[in-house]
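Trainee: Chains as they are written, first to last, in my numbering: chain Z, 1 to 120; chain V, 1 to 113.
These are computed hints drawn from the structure, not numbers from a lab.
This structure is a prediction, so every number in the text was calculated from the model and none was measured.
Incorrect hints may have been included.
To spell it out: a stretch of chain Z is covered by chain V in this simulated footprint if at least three of its residues, at any positions, have a beta carbon under 8 Å from a beta carbon of chain V; those stretches are [what the hints assert, rightly or not]:
| id | stretch |
| --- | --- |
| 1 | 3 to 17 |
| 2 | 21 to 27 |
| 3 | 47 to 60 |
Every beta carbon over 12 Å from chain V, so not counted as near; a handful from chain Z, in silico [unchecked claim]:
| id | residue |
| --- | --- |
| 4 | Asp30 |
| 5 | Gln37 |
| 6 | Gln41 |
| 7 | Gly42 |
| 8 | Arg44 |
| 9 | Glu69 |
| 10 | Lys71 |
| 11 | Thr77 |
| 12 | Ser80 |
| 13 | Thr108 |
| 14 | Gln109 |
| 15 | Thr118 |
| 16 | Val119 |
| 17 | Leu120 |
The calculated lysine to any residue pairs, modelled on SDA-like cross-linking and capped at a C-alpha distance of 25 Å, are [unchecked claim]:
| id | chain 1 | residue 1 | chain 2 | residue 2 |
| --- | --- | --- | --- | --- |
| 18 | Z | Lys57 | V | Gln57 |
| 19 | Z | Lys9 | V | Gly85 |
| 20 | Z | Lys57 | V | Gly85 |
| 21 | V | Lys96 | Z | Arg116 |
| 22 | V | Lys108 | V | Lys55 |
| 23 | Z | Lys57 | V | Tyr32 |
| 24 | V | Lys108 | Z | Pro97 |
| 25 | V | Lys96 | Z | Asp59 |
| 26 | Z | Lys57 | V | Asp26 |
| 27 | V | Lys108 | Z | Arg116 |
| 28 | V | Lys70 | Z | Gln50 |
| 29 | Z | Lys71 | V | Leu97 |
| 30 | Z | Lys57 | V | Thr27 |
| 31 | Z | Lys57 | V | His98 |
| 32 | V | Lys70 | Z | Leu96 |
| 33 | Z | Lys57 | V | Ser28 |
| 34 | V | Lys108 | Z | Gln41 |
| 35 | V | Lys96 | Z | Lys9 |
| 36 | V | Lys108 | Z | Ala87 |
| 37 | V | Lys73 | Z | Phe55 |
| 38 | V | Lys112 | Z | Gln41 |
| 39 | Z | Lys57 | V | Leu84 |
| 40 | Z | Lys9 | V | Gln44 |
Quick reminder that beta carbons are idealized off the backbone N, C-alpha and C, glycines included.
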Amino acid sequence: DGGITQSPKYLFRKEGQNVTLSCEQNLNHDAMYWYRQDPGQGLRLIYYSQIVNDFQKGDIAEGYSVSREKKESFPLTVTSAQKNPTAFYLCASSLLPGQGAASGRADTQYFGPGTRLTVL
Amino acid sequence: AQTVTQSQPEMSVQEAETVTLSCTYDTSENNYYLFWYKQPPSRQMILVIRQEAYKQQNATENRFSVNFQKAAKSFSLKISDSQLGDTAMYFCAFMKLHPPFYFGSGTKLNVKP
């Protein structure tokens, strides 16, 4: 079954701790994304990556870090520098223009089920 | 920078009726993609419909259709024969010919029995 998985579904963190959210895809997509969603709000882009070992900051990158060591994986670390990390986090992936259409359209994002992070 | 605006934070519609959700965007690009995503209470994001800017014909997917007005930079979603399962947040999104994607703030749609 092809898709995007995120773990854990719920995550609790104490203030001052770093936590890492997992995102894995087996769709052979080059591009991956992390979004933050606050209650009743839209999606805000944290980071995105179009190729292994490269990534770009989104609108709200401060207090977050990412890595892209493998094509399939794009973990997000919420650091202690993030002042208000309680939120719902969504990971997504997409093909890039010019890639084959076997696992979807190049212009469409596919989303994981999300991780709900709560700071205690 | 690209911006996407959804001016209706919340809307209600009676079951079986038709409702239209509004979206406007700002870009200097000529070619791009537009999307409507649905987020039900489960919070899983689901693609509803997509439109390629170079196509003049409005996209249609079963009960969902769009009114794409390129000159006005408007991309509204029409839901016909509304069903209870259509209750969700709806997000309009924009992408140039390459990432990233830009999302609007969403419209919460309540379908009433």
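Trainee: Against each hint, give a clear statement of whether it holds in the structure.
Mentor: Hint by hint, here is what the structure shows:
{"no.": "1", "hint": "3 to 17", "result": "violated (count 0)"}
{"no.": "2", "hint": "21 to 27", "result": "violated (count 0)"}
{"no.": "3", "hint": "47 to 60", "result": "holds (count 4)"}
{"no.": "4", "hint": "Asp30", "result": "10 Å, violated"}
{"no.": "5", "hint": "Gln37", "result": "8 Å, violated"}
{"no.": "6", "hint": "Gln41", "result": "6 Å, violated"}
{"no.": "7", "hint": "Gly42", "result": "4 Å, violated"}
{"no.": "8", "hint": "Arg44", "result": "8 Å, violated"}
{"no.": "9", "hint": "Glu69", "result": "19 Å, holds"}
{"no.": "10", "hint": "Lys71", "result": "15 Å, holds"}
{"no.": "11", "hint": "Thr77", "result": "20 Å, holds"}
{"no.": "12", "hint": "Ser80", "result": "26 Å, holds"}
{"no.": "13", "hint": "Thr108", "result": "6 Å, violated"}
{"no.": "14", "hint": "Gln109", "result": "6 Å, violated"}
{"no.": "15", "hint": "Thr118", "result": "15 Å, holds"}
{"no.": "16", "hint": "Val119", "result": "19 Å, holds"}
{"no.": "17", "hint": "Leu120", "result": "21 Å, holds"}
{"no.": "18", "hint": "Z/Lys57 - V/Gln57", "result": "35 Å, violated"}
{"no.": "19", "hint": "Z/Lys9 - V/Gly85", "result": "23 Å, holds"}
{"no.": "20", "hint": "Z/Lys57 - V/Gly85", "result": "36 Å, violated"}
{"no.": "21", "hint": "V/Lys96 - Z/Arg116", "result": "29 Å, violated"}
{"no.": "22", "hint": "V/Lys108 - V/Lys55", "result": "28 Å, violated"}
{"no.": "23", "hint": "Z/Lys57 - V/Tyr32", "result": "21 Å, holds"}
{"no.": "24", "hint": "V/Lys108 - Z/Pro97", "result": "32 Å, violated"}
{"no.": "25", "hint": "V/Lys96 - Z/Asp59", "result": "17 Å, holds"}
{"no.": "26", "hint": "Z/Lys57 - V/Asp26", "result": "21 Å, holds"}
{"no.": "27", "hint": "V/Lys108 - Z/Arg116", "result": "20 Å, holds"}
{"no.": "28", "hint": "V/Lys70 - Z/Gln50", "result": "28 Å, violated"}
{"no.": "29", "hint": "Z/Lys71 - V/Leu97", "result": "21 Å, holds"}
{"no.": "30", "hint": "Z/Lys57 - V/Thr27", "result": "20 Å, holds"}
{"no.": "31", "hint": "Z/Lys57 - V/His98", "result": "15 Å, holds"}
{"no.": "32", "hint": "V/Lys70 - Z/Leu96", "result": "24 Å, holds"}
{"no.": "33", "hint": "Z/Lys57 - V/Ser28", "result": "22 Å, holds"}
{"no.": "34", "hint": "V/Lys108 - Z/Gln41", "result": "10 Å, holds"}
{"no.": "35", "hint": "V/Lys96 - Z/Lys9", "result": "31 Å, violated"}
{"no.": "36", "hint": "V/Lys108 - Z/Ala87", "result": "18 Å, holds"}
{"no.": "37", "hint": "V/Lys73 - Z/Phe55", "result": "30 Å, violated"}
{"no.": "38", "hint": "V/Lys112 - Z/Gln41", "result": "22 Å, holds"}
{"no.": "39", "hint": "Z/Lys57 - V/Leu84", "result": "38 Å, violated"}
{"no.": "40", "hint": "Z/Lys9 - V/Gln44", "result": "12 Å, holds"}
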